[in-house]
Amino acid sequence: MSGVSDMAALERRYRRLLVWYPAEHRRVHAEEMVGVLLASARNGQRRPSLADALDLIKGGIQTRLRPAHHDGLDDGWRDTLAIASIAMPTIIALLYAVIFAWTAYHRVGDPAAGMPVAMTAVLAGWLLLVVLPPVLALRRFLRAAMLLYFVPVLFLAYAGAGPVVSGEQGGFFLAFLISAVAFVLSPGPRRAVQIMSAKAWVVVYAIGLSLSIPEIMLRWLAYMPAPTGPDRSSQLVAVLAWHLRLDPQHSAWVVVLTTALVAAGAALGLSRTLPSPVGKRLLVLLAVPAYPSVVSLTASAAGPGWLLGAEVVYPPTVLLGCLAVGLVWQSRRREHADRAS
Amino acid sequence: MSKRQVLQEPTFLILTALAAGPQHGYGIMTDVARISDGRVKLRAGTLYTALDRLSGEASVGVDREEIVDGRLRRYYKLTPSGAQVLASAAERMRANAAIASKRLSRLAGGAA
Numbered sequence: 366m367s368g369v370s371d372m373a374a375l376e377r378r379y380r381r382l383l384v385w386y387p388a389e390h391r392r393v394h395a396e397e398m399v400g401v402l403l404a405s406a407r408n409g410q411r412r413p414s415l416a417d418a419l420d421l422i423k424g425g426i427q428t429r430l431r432p433a434h435h436d437g438l439d440d441g442w443r444d445t446l447a448i449a450s451i452a453m454p455t456i457i458a459l460l461y462a463v464i465f466a467w468t469a470y471h472r473v474g475d476p477a478a479g480m481p482v483a484m485t486a487v488l489a490g491w492l493l494l495v496v497l498p499p500v501l502a503l504r505r506f507l508r509a510a511m512l513l514y515f516v517p518v519l520f521l522a523y524a525g526a527g528p529v530v531s532g533e534q535g536g537f538f539l540a541f542l543i544s545a546v547a548f549v550l551s552p553g554p555r556r557a558v559q560i561m562s563a564k565a566w567v568v569v570y571a572i573g574l575s576l577s578i579p580e581i582m583l584r585w586l587a588y589m590p591a592p593t594g595p596d597r598s599s600q601l602v603a604v605l606a607w608h609l610r611l612d613p614q615h616s617a618w619v620v621v622l623t624t625a626l627v628a629a630g631a632a633l634g635l636s637r638t639l640p641s642p643v644g645k646r647l648l649v650l651l652a653v654p655a656y657p658s659v660v661s662l663t664a665s666a667a668g669p670g671w672l673l674g675a676e677v678v679y680p681p682t683v684l685l686g687c688l689a690v691g692l693v694w695q696s697r698r699r700e701h702a703d704r705a706s
Numbered sequence: 065m066s067k068r069q070v071l072q073e074p075t076f077l078i079l080t081a082l083a084a085g086p087q088h089g090y091g092i093m094t095d096v097a098r099i100s101d102g103r104v105k106l107r108a109g110t111l112y113t114a115l116d117r118l119s120g121e122a123s124v125g126v127d128r129e130e131i132v133d134g135r136l137r138r139y140y141k142l143t144p145s146g147a148q149v150l151a152s153a154a155e156r157m158r159a160n161a162a163i164a165s166k167r168l169s170r171l172a173g174g175a176a
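These protein sequence lines are chains U and S, in that order.
Read in order, the letters of the first sequence are residues 366 to 706 in our numbering.
Read in order, the letters of the second sequence are residues 65 to 176 in our numbering.
If we strip away everything but chain S, and leave its shape as in the complex, we get (with noise of 0.2 Å):
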């Protein structure tokens, strides 16, 4: 994956809930669900997929095992190069989504 390549939204979103700290897969999930408020519902085939590619590429790492009423939890966490990812593509999204805002100005003011 290129740094300069856009993420596509579930990485994004995974990556993001991982920058608050670390958490295990359910975790993610729901809070994936919350910062898309909703619009992104992200399913266990989807999640460990994108969690197995993001190891692969070192963006994130495991942090912890724990056993809950004997289930395997496993906590992920992002790592400095998942953050150095999760940071250009955010900057990137920025920087458009200020060129937008500016041009649809221009147009409203346009129109007026």
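So here's chain U without its partners, still in its complex pose (with noise of 0.2 Å):
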């Protein structure tokens, strides 16, 4: 047998054990791979070693078990995601903040509401839960970050169920739920710290917080003085516009449009500042959370007789998952024909 035949022999058996790779790792390093094992095979050895070829089984179920390999994302959404899990979280700590400062604004010198310690302790200690993940991921304890991103999911979806399905916390739990699946799918905030720049970041802010003025107005809406009305949704609206100095009729519109104009202003700015698909897809993420709150309002604009709650934001989130599992989908197929061609 030659050299030559020897060697392609060895280099297809290699090529058979690199299977228990994942895809994506063999696209990445198959080719380096084989040249290595190649260059370190013995002449004329026709059949890997039995300790190279456990030593190949057991990297690439190691790289399977890998949270970072687990999903088979491109490296635009990877890095999506590892933008994600240090974004979202530092964008609910700031929404916090601004809910937490206006409560007690509007709470001083009201004896009967007399802004209490308890809320006060409540809402610094979810401030904490929040910013901790990121910090510690930051910090490289792993383990101890991936535990913390996931409290919140599940106190709310266990304790807060109630609120969570009426649509009242329902963007709270959307944002939560993305931080730790983006954190458990991605390289996670180190991997963000390393490709954003400042302005980078100043524009995902600017989009997050953009995103949240909805929610900020529903929860001011909930402090404020309101005139009596037939039902809660001709409240909001009243309240609103008393505020405001508006027409009733078109004062929750107004926010709606501001905020899209903001956000439509942040994001031909996140064009500008993250490569494309990146950029489109960090868009779509930090949309997610503010929808609930931005059907309630459209819907409590719409009129008297609109409930806000699970039956305005239920139909066009079924909707809208529809619309996003299709787009997946669309991409998915797209890189594969990529790929194959």
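Hints are supplied without guarantee of correctness; some may be wrong.
DMTMM-like, lysine to aspartate or glutamate: derived pairs with alpha carbons at most 20 Å apart [stated by the list, open to error]:
{"#": "1", "chain 1": "S", "residue 1": "Lys105", "chain 2": "S", "residue 2": "Glu73"}
{"#": "2", "chain 1": "U", "residue 1": "Lys423", "chain 2": "U", "residue 2": "Glu376"}
{"#": "3", "chain 1": "S", "residue 1": "Lys141", "chain 2": "U", "residue 2": "Glu396"}
{"#": "4", "chain 1": "S", "residue 1": "Lys141", "chain 2": "S", "residue 2": "Glu130"}
{"#": "5", "chain 1": "U", "residue 1": "Lys423", "chain 2": "U", "residue 2": "Glu389"}
{"#": "6", "chain 1": "S", "residue 1": "Lys141", "chain 2": "S", "residue 2": "Glu73"}
{"#": "7", "chain 1": "S", "residue 1": "Lys141", "chain 2": "S", "residue 2": "Glu121"}
{"#": "8", "chain 1": "S", "residue 1": "Lys105", "chain 2": "U", "residue 2": "Asp417"}
{"#": "9", "chain 1": "U", "residue 1": "Lys423", "chain 2": "S", "residue 2": "Glu73"}
In short, the hints are calculated from the structure, not lab data.
Build the complex: two chains, separate frames, hints provided.
Written as structure tokens, this is what we have:
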């Protein structure tokens, strides 16, 4: 048997062993791994040694078990999720801080409400819980970070099940869920810090906060002295109109349109600071938690008779969910077609 | 991976090999064998699993790619973050070794 055919047989067998690795890993490393394996082979060797074969199988299993490779996502998604794993919790923290400041401001001097210490403690606790996971991940305490990413998700799913289902906490629940899933399926906050420029961070926070405006408005309305009305939605519109000195029929629309304009401006900035697939995907991820409050506010603007809750939030959810699945499916098909060609 | 966590020996040796400058996979394997005086023999599976993980943690990065004899050769380099991880690990090992040596010399002194 000639040396060339020995080498070809050995290469074929090594390639067969590489099937233990995920497709993405093979796409990136297969050629160089085969090169290294052949370079370290003995003259005339036709079969991989048992030690090499076991080492490749072990490496393949370890790589498949590692969270970043569970997904089969391309670098664009991995980077998008890495950014989301740090941007989302910090935007939630900023939102909590705004709501806290707002609540404290409006409760001062109201003895009946009396800005309770318990409320301050709860909000401070939540703030810590929200900020801690990305901080731990940046400090490389990955297991503790992963655990803490899921604590608010599980808490809201269990203790806050009612408000989540009715839509009141739906936005926060989605934001926590996206943060946790983004952390599991990506290289995490360290990667985000590595690829993001200061300008890109500013744009991401501008988008996050502009998309939070409807949520802030809804919370604000809940604490405002409200003129009595026939139902909650007409009260919301009336309160908003009163404070913004607007025609009651148009006030909530003004908030929604302002939010849309600010978000569109920020999205334009994002497309100029981050490469296209990452920027677009990040925008979608940041918009998901904002949408229950946008729908609620839009519904309340539609006039009396509309309720703030599940019935206005969930039908569009199903519609958008179907649309998202369709888009992901289409993008995956295009990806496979690109790789095959 | 925590900065305080002790690096496994193959990871420590891979980072040490790259501290000398960018190297390709086979170069890292031979360098690790040389550094460890032949005690640690890295295999391709272990090496690329470690390189992939270290890339994910931003401790190593790709320096350049070359085609040699029709085969892809990718050179890896140590990033500043990887250098920091290696420096912390080396410092910990140095401190531990110093304590061990001091106690052993005390033990030898007491026995004499």
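TODO: Take the C-alpha atoms of S:Lys105 and S:Glu73, compute the straight-line distance between them, and say whether it is at most 20 Å.
DONE: OK: S:Lys105 and S:Glu73 at ~11 Å, within 20 Å.
TODO: Measure nothing beyond the straight line between the CA atoms of U:Lys423 and U:Glu389; if it is 20 Å or shorter, mark the hint as holding.
DONE: Within the cut-off at roughly 17 Å; holds.
- [ ] Please work out if U:Lys423 and U:Glu376 have their alpha carbons no farther apart than 20 Å.
- [x] Roughly 19 Å separates the two Cα atoms, so the pair holds.
- [ ] Starting from S:Lys141, check that the Cα of S:Glu121 is at most 20 Å away, please.
- [x] Roughly 13 Å separates the two Cα atoms, so the pair holds.
Task: Given pair status - U:Asp417, S:Lys105, alpha carbons within 20 Å - done: Since the Cα atoms of S:Lys105 and U:Asp417 sit roughly 11 Å apart, the hinted pair holds (cutoff 20 Å).
Task: 20 Å Cα cutoff - pair U:Lys423, S:Glu73 - done: It holds: about 17 Å lies between the C-alpha atoms, which stays within 20 Å.
Open item on the list: Tell me if the straight-line CA distance from S:Lys141 to S:Glu130 falls inside 20 Å.
Closed with: holds, 14 Å
Open item on the list: Holds or violated: S:Lys141 and S:Glu73, Cα atoms, limit 20 Å.
Closed with: OK: S:Lys141 and S:Glu73 at ~18 Å, within 20 Å.
- [ ] Take a quick look at whether S:Lys141 and U:Glu396 sit within 20 Å of each other, Cα to Cα.
- [x] holds, 19 Å
Hint check: no violations occur; every hint is consistent with the structure.
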